[in-house]
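The whole structure should be built from the sequences, with the hints applied where relevant.
Chains as they are written, first to last, in this note's numbering: chain A, 1 to 413; chain B, 1 to 413.
Quick caveat, the hints were computed from the structure, so don't treat them as lab data.
If you're wondering where the values come from, they're calculated on a predicted model, not measured in any experiment.
Check the hints yourself; a few may be wrong.
What the hints assert, rightly or not - Listed next, the stretches of chain B that the computed footprint assigns to chain A, with coverage defined by at least 3 CB atoms under 8 Å from CB atoms of chain A: (1) 57-63; (2) 165-174.
Claimed, not checked - Now the stretches of chain A that chain B is said to cover, found in silico as 3 or more residues with beta-carbon under 8 Å: (3) 79-90; (4) 133-139; (5) 177-190; (6) 247-254; (7) 295-308; (8) 348-355.
Ideal placement from N, C-alpha and C gives every residue a C-beta, glycine not left out.
2 protein chains.
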Amino acid sequence: MQTPRRMSRLEGKVLVAQGGGPTAVINQSIVGVTLEARKFTQVKAVYGAVHGVRGILNEDFLDLTRETTHNLERVADTPSSALLSTRDKPDEEYCARMFKVMRRHDIRYFFYVGGNDSADTVRIINEQAESTGYEFRAIHIPKTVDNDLAVNDHCPGYGSAARFVAQAFMGLNLDNRALPGVLVGVVMGRHAGFLTAAAALGRKYVEEGPHLIYLPERVFSKERFLADVDRVYRACGRCVVAVSEGVQDETHTPLLVSLRDHKEHDAHGNVQLSGTGMLGDLLADLVRDNLKIKRVRADTFGYLQRSFMGVVSDRDAHEARELGELAVQSAMWDNVDGSMVIRRPVLNYSVTYGLVPLSEVAGKTRTMPAEFINEEGNGVTDAFSHYCRPLMGSGFPESHRLRAPHVPKIEET
Amino acid sequence: MQTPRRMSRLEGKVLVAQGGGPTAVINQSIVGVTLEARKFTQVKAVYGAVHGVRGILNEDFLDLTRETTHNLERVADTPSSALLSTRDKPDEEYCARMFKVMRRHDIRYFFYVGGNDSADTVRIINEQAESTGYEFRAIHIPKTVDNDLAVNDHCPGYGSAARFVAQAFMGLNLDNRALPGVLVGVVMGRHAGFLTAAAALGRKYVEEGPHLIYLPERVFSKERFLADVDRVYRACGRCVVAVSEGVQDETHTPLLVSLRDHKEHDAHGNVQLSGTGMLGDLLADLVRDNLKIKRVRADTFGYLQRSFMGVVSDRDAHEARELGELAVQSAMWDNVDGSMVIRRPVLNYSVTYGLVPLSEVAGKTRTMPAEFINEEGNGVTDAFSHYCRPLMGSGFPESHRLRAPHVPKIEET
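Pasting the structure below:
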């Protein structure tokens with residue numbers, strides 16, 4: 001329902017919700033929506049749906065008009081979805097039931113914070129609203145640690161998760177340097193390698209790990225992987241590897257599946273890749289069995305990387321907050337629907353925000369552009385570092401090492 | 001070689017090294033040793049052995065007298081062992097070879113930062129020195145994320161790792177609340193459950209996870225575990241579990257071994273427990289198969305918990321630094337050997353440092369006292385929280401949640 005730009009006089013309630021996996025800054029967006037919406041006289045109340053669309057279906061709303069500004073500010077600084085989340089993907093019937101509830105409560109503005117599945121949910125609801133002649137505004141606010149939304153330069157949630165991954169690999173590299181061997185770190189990312197690629201951002205000295213980075217954008221060859229690890233290990237005496245959980249073989253089968261039959265699927269038909277250490281362990285076995293290296297370890301970052309308490313990019317938090325505020329301003333001042341997007345007009349670094357039709361974002365997946373991946377398909381380029389660094393925010397820690405000279409050996413007498 | 005308290009006039013070089021697993025603050029101790037040792041005129045140079053005792057054997061020393069104070073301060077703030085580490089456990093012959101090197105370089109003061117294996121290494125070297133009539137001072141400086149050294153109230157390295165574990169579980173709990181299910185987090189700890197117990201320190205609200213904590217100090221019963229998870233899940237609709245990697249069944253077999261034959265042993269004859277997600281995955285399978293719960297996930301913290309860049313307890317860092325300085329002062333002013341220890345004269349909170357004979361610490365393991373573990377053996381007590389909280393340092397993050405009232409449901413008309 002793209003309508004001419006004039007202020008919305010539509011009186012009613014605002015509903016805000018969150019869908020999909022949490023991030024470290026997702027609450028910034030719902031707090032942005034809530035605080036901004038409370039300023040408009042057309043808004044009779046601001047409701048938060050508990051557990052996303054499922055909360056709408058179940059008529060499970062919190063009255064955020066009754067929440068203190070001070071507590072909202074504190075919730076904004078807390079990771080994971082304060083309104084709780086859902087993996088439900090509404091169909092026509094699900095949406096029809098939601099509308100009955102929305103109408104009953106006079107919901108006229110809907111803001112849904114989520115990834116491409118959530119954008120698709122907003123699109124379906126919006127089409128339903130239009131087809132049933134129910135006037136309301138619906139805006140999707142992006143978030144995802146995978147950074148895989150179309151149109152956007154980057155997505156809220158990514159910068160903080162990237163910072164966690166970079167800091168984690170800084171530590172793993174130092175640990176592996178102290179007690180050498182092969183260390184495989186498995187990072188989230190089903191189709192897009194952005195988060196895994198961030199592992200490179202903690203490197204400071206030339207020979208520091210991760211020495212190898214494998215992304216879902218490139219076919220993963222076991223033989224090539226073993227040859228790479230062997231080469232690095234022979235040269236450096238150690239090897240740190242970053243692997244996306246979603247790496248696939250030449251038949252587009254996730255490696256976890258091709259290495260081992262693994263059955264659980266979620267409601268969206270996706271194989272479960274997170275919440276298990278299996279891929280890392282299988283890769284470690286591969287190295288151990290084929291290269292005869294004794295000390296081989298695998299660490300799977302799991303849910304720590306998207307909800308860790310205390311590692312947040314201030315820039316990421318700021319942008320997530322602004323998107324929430326701007327979504328409300330767009331609905332109110334411009335009376336439009338759509339998906340909020342972040343663009344980067346210059347690389348060194350500024351953003352502009354915009355609103356695009358939901359169909360441009362819904363259900364679509366963006367992956368790493370070719371110029372961010374090295375030719376060998378086992379690392380990232382400086383262009384990627386340049387892209388990613390500002391997203392991780394200020395105060396990024398730096399590692400330091402001893403540079404004292406070696407003591408000459410004394411001849412045995 | 002406990003000798004009368006008089007200042008050491010022994011001229012020669014200082015050697016400092018690190019052994020065993022790294023920690024976030026271990027470099028504070030070597031920097032404390034280096035900066036303090038450089039003040040004494042008896043000290044002709046301060047050497048750092050690269051890769052612990054192995055560096056001594058290989059005559060691989062850095063001349064820390066040639067390192068800038070400013071860089072040392074930055075290295076102190078960097079996690080993991082800047083002098084690199086080793087798992088070697090010297091025997092008599094190994095020690096004899098080390099002494100040849102030490103004598104050649106006129107090493108007269110030896111400071112070794114490590115756990116109970118490293119303390120034992122210092123003890124062996126010290127006995128060797130005495131039996132061969134070589135005059136020198138040797139002091140062990142404690143560090144271990146496991147917090148399992150005898151005599152000590154707590155060990156440097158533990159507070160920072162505990163903070164990481166607590167912050168990680170704060171995030172995992174919030175994530176699990178947003179998308180409910182069962183989440184098992186596996187934490188380091190072979191014999192002592194201190195680090196796993198720290199998972200409880202992030203809890204703020206009554207029903208927050210971890211709801212269950214399993215420690216190596218109590219026999220792990222699969223049946224009991226399943227009954228516990230089932231009870232919590234039925235009551236809360238979700239369940240977060242913290243498990244030590246070292247939990248054992250009634251036959252004292254590590255659960256990882258009893259659940260699956262797993263062969264790799266390290267040089268100390270220990271089964272490899274870290275660097276694999278297997279225990280978590282096996283426990284998740286146990287829950288999935290027996291309780292018919294669909295969403296079951298396991299996260300294994302792995303090496304992140306001991307070397308993560310950017311999560312440090314300031315108190316931990318301070319104490320690690322002081323122990324390094326005091327070790328040198330003890331050797332110089334008091335001319336004694338031993339193991340530095342931390343004691344806590346009052347619970348609310350202060351420490352005193354001391355020096356005890358190496359035999360009191362070497363090779364010994366301290367586990368969680370009974371008053372820190374609840375009666376059911378599946379959680380910790382307030383006494384433990386009171387013990388652990390100050391060790392995690394200042395500025396510990398706090399989570400916040402929405403407290404807005406629920407909107408009354410509207411009757412369908």
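Hint check:
Only residues whose C-beta sits within less than 8 Å of a C-beta in chain A count toward coverage, and the region 57-63 of chain B has 5 of them, enough to reach three; the restraint holds. Look at the region 165-174 of chain B against chain A: 6 of its residues bring a Cβ nearer than 8 Å to a Cβ of that chain, three or more, so the hint holds. Look at the region 79-90 of chain A against chain B: 9 of its residues bring a Cβ nearer than 8 Å to a Cβ of that chain, three or more, so the hint holds. Figure legend: the region 133-139 of chain A, annotated as covered by chain B; annotation inconsistent (0 residues with Cβ-Cβ distances under 8 Å, at least 3 required).
Chain B is given as covering the region 177-190 of chain A, and this holds because 4 residues of the stretch bring a CB closer than 8 Å to a CB of that chain, at least three being needed. Using a Cβ-Cβ cut-off of 8 Å, 0 residues of the region 247-254 of chain A lie near chain B, which falls short of the minimum of three, so the contact claim is violated. Taking a C-beta to C-beta cut-off of 8 Å, the region 295-308 of chain A contributes 12 residues in contact with chain B, enough for the three needed, and the coverage statement holds. Beta-carbon proximity to chain B at under 8 Å applies to 0 residues in the region 348-355 of chain A; the threshold of 3 is not reached and the given coverage is violated.
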